[in-house]
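Chemist: This is what each chain is made of:
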Amino acid sequence: MCSDSAKQGAHVAPLSSKAASGRRLWSRPWGYPESFALTVSIAAGGFTAEWLTGPPPLAYLAWPFNLFLALGLIAFISLFRLFRDRRAVRFVTSAPMSVALMVGLGSLSLIMGFLPQAPVPYQLPENPAASVRLGLDHLTSSWPLALLYLCLLISLGATFLVRFSSKRLIFLANHLGLWLLLLAAGLGAADRQREIMTVYEGGLEWRTQRNDGRTAEMPLAIRLKSFDIEEYPAKLAVIDHKTGRPVAEGGRMALWQLDPVEPNGRLLDYDLEMLEFLPGAIPIGDSYVKAIAGAQVQAAKLKVKNLKTGRTIEGWLSAGESFRPPKPLNLGGQRLLAMTRPEPRRFVSQVKVYTQEGREFESTIEVNKPLKAGSWLIYQRSYDTEAGRSSEWSGFELVKDPWLPLAQAGFILWALGSAGLIIKGRGRHR
Amino acid sequence: MSWSWHDYLGPISVILWLLGAYLALKNRKSALYLIASGTLVSLIFIIGLWLRLERPPMRTMGETRLWYSFFLSTAGLMAFRHWKYSWLLAFTSVLACIFALINLLKPEIHSRSLMPALQSIYFVPHVTMYMLSYAVLAASAVGSFIQLRNIKVKGKADKALYDFIDNVVCVGLGFLMLGLITGAVWAKEAWGHYWSWDPKETWALITLAAFLIYLHLRLSSVRDVSPTLVLLVPPIGLILLMVTWIGVSYLPSAAGSVHVY
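So the sequences go chain by chain: X and D.
According to the numbering used here, the first sequence holds residues 27 to 456 in order.
According to the numbering used here, the second sequence holds residues 157 to 417 in order.
Only chain X is shown next, with the shape it has when bound in the complex (with noise of 0.2 Å):
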């Protein structure tokens, strides 16, 4: 992957201060002094423009003017083909000028790093602080970022073709894999919609909510016909009566996991056994029984023994939800064996969706499993927490990215070459 390194080191400027001395800035060949000359001029240039301008205007970034200049940065990266020899495109894509672009975009990714962010598409307050006015809150949208992002694409553009050969395999998928995701999240940002849509069980919908309070209405529709929770089984603890907490054992509040499969265990001083577990359930007087339709909640029969006792005790137990009190078991001794609140297993949202060209279908929308219906992406993304399991809303975010394609093969196309790195290693030796 690097066999033409020597060759190169031998025409480059030294990064070392003893080595460096005697030497002028800009006298050539350049090399380290230069690259991170240029690279620290490039990023002091954008913080400028930041603090006199504000925020670049990325939204003049759409479709059809991103694809003009992904269009024109493939034009001037072939001119460094073209002009290979010349030794401002050796300078280009020469390993100093990397080096300093990566330390560059590393520096401001540190910055990131520690400092929050603001959330994107970003407003400018009035009277910012000095930090603000520097971009350092939004970076992600700032000149020095976009900057240094437009020098990372030329100049790892202009190495891929500069130094193309198909023997270089590992390095052209890494290179090229690299450049195509990049070009794809930046320039296609201006074109990523996301859209927030509410819609309640057994209504339609077709409009989404803005942060600004506006609505926007979608090419498609969405029914929502159903809204499920699936939990996980409980867990149970003991509660201390006075003082209104988990009884803890070692330092950690002691649980015991309700298991179908497994009824018995223990729980500090009890042994416990499931006689009976509903996971949809009803209260009727002091028992439950397995829900039909609606609101429901998980419940569990339990057999608690006292083991200093020998006392036996039997009874229903469930966590509540808004609609329903909880329902612990008394144990005796200012104790009480609660059921913790289930955790969420499943979010499923059962939909029909239509489409502006008139078709429609029925599926189901998850976490981690989005639908797709036309260009657009629906995921579940949230519901009514107050009201639990019977929440009667579903929450969706749309997501349409035309230049996905773009990242995707860049995504391939690095991890075929990140796969070749780890078989290959460093390849030949110097």
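To be clear, the hints were calculated from the coordinates, so they are not data collected in a lab.
Take every hint as true, because none was put in to throw you off.
Restraint-style ranges between C-beta atoms, simulated for each label pair:
id	chain 1	residue 1	chain 2	residue 2	range
1	D	Asp-163	X	Ile-438	33 to 41 Å
2	X	Thr-381	D	Leu-209	30 to 38 Å
3	X	Glu-243	D	Pro-408	35 to 43 Å
4	X	Ser-401	D	Pro-212	27 to 35 Å
5	X	Thr-241	D	Ile-200	52 to 60 Å
6	X	Glu-392	D	Ile-200	30 to 38 Å
7	D	Pro-408	X	Gln-149	18 to 26 Å
8	D	Lys-315	X	Leu-176	38 to 46 Å
9	D	Leu-209	X	Phe-387	24 to 32 Å
By construction, the Cβ of each residue, glycine as well, lies at the ideal position given by its N, Cα and C atoms.
Please arrange chain D on chain X, whose structure you already have, making use of the hints.
Modeler: Positioned in the frame of chain X, the structure of chain D alone reads:
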């Protein structure tokens, strides 16, 4: 071949892999045959289960773990054939054992209380790749320290050690990038976009940049870049990596991160 067969075939793989890992560390050639046999046994079970289920066994967490045990040991064998690093062979075999053991002891541990966002086929590879890269890149930092000492004490770098560090960084970077890619693809499926500048993502990018910088610095000759400076990059990278892995949760920027658990 149903899951119950795993109670018999699983331990056979585990024993073969563990014995192989031990012998690999002792530099015995028989290690290769033992590990290859363990891998073959796991492959036979996967094919048997596939035929029985009439679908690829990739749906549940337990099923994906079967694949990762198999892939890990295969990757270890392939890497060994090329690089002859017996510690890498031992490492992948032990990791394959861990996944096989989880399947033996708690076949459906993830069916309990695994939040919906984590229930993804990318969960295991994403974490595996990162764990692999963390382990391998740690070795590069150790190598760098030894080399720095060589330069300081002996006044001369060890060429073979440079080759080792460079190779290890390449392998570690490969896994690091695959971890990032699987994470990005997963993010697209779970949250709608492959990159959202989540603090964990930002720090993973910083770590990646550090090791990429090392590789690109190594392209220049010793006269142009001070070797001490270059050799300091992997240890710095390891510190950044620790921040990514463990430290991010404690930073002010991490409020609202999807990676804090």
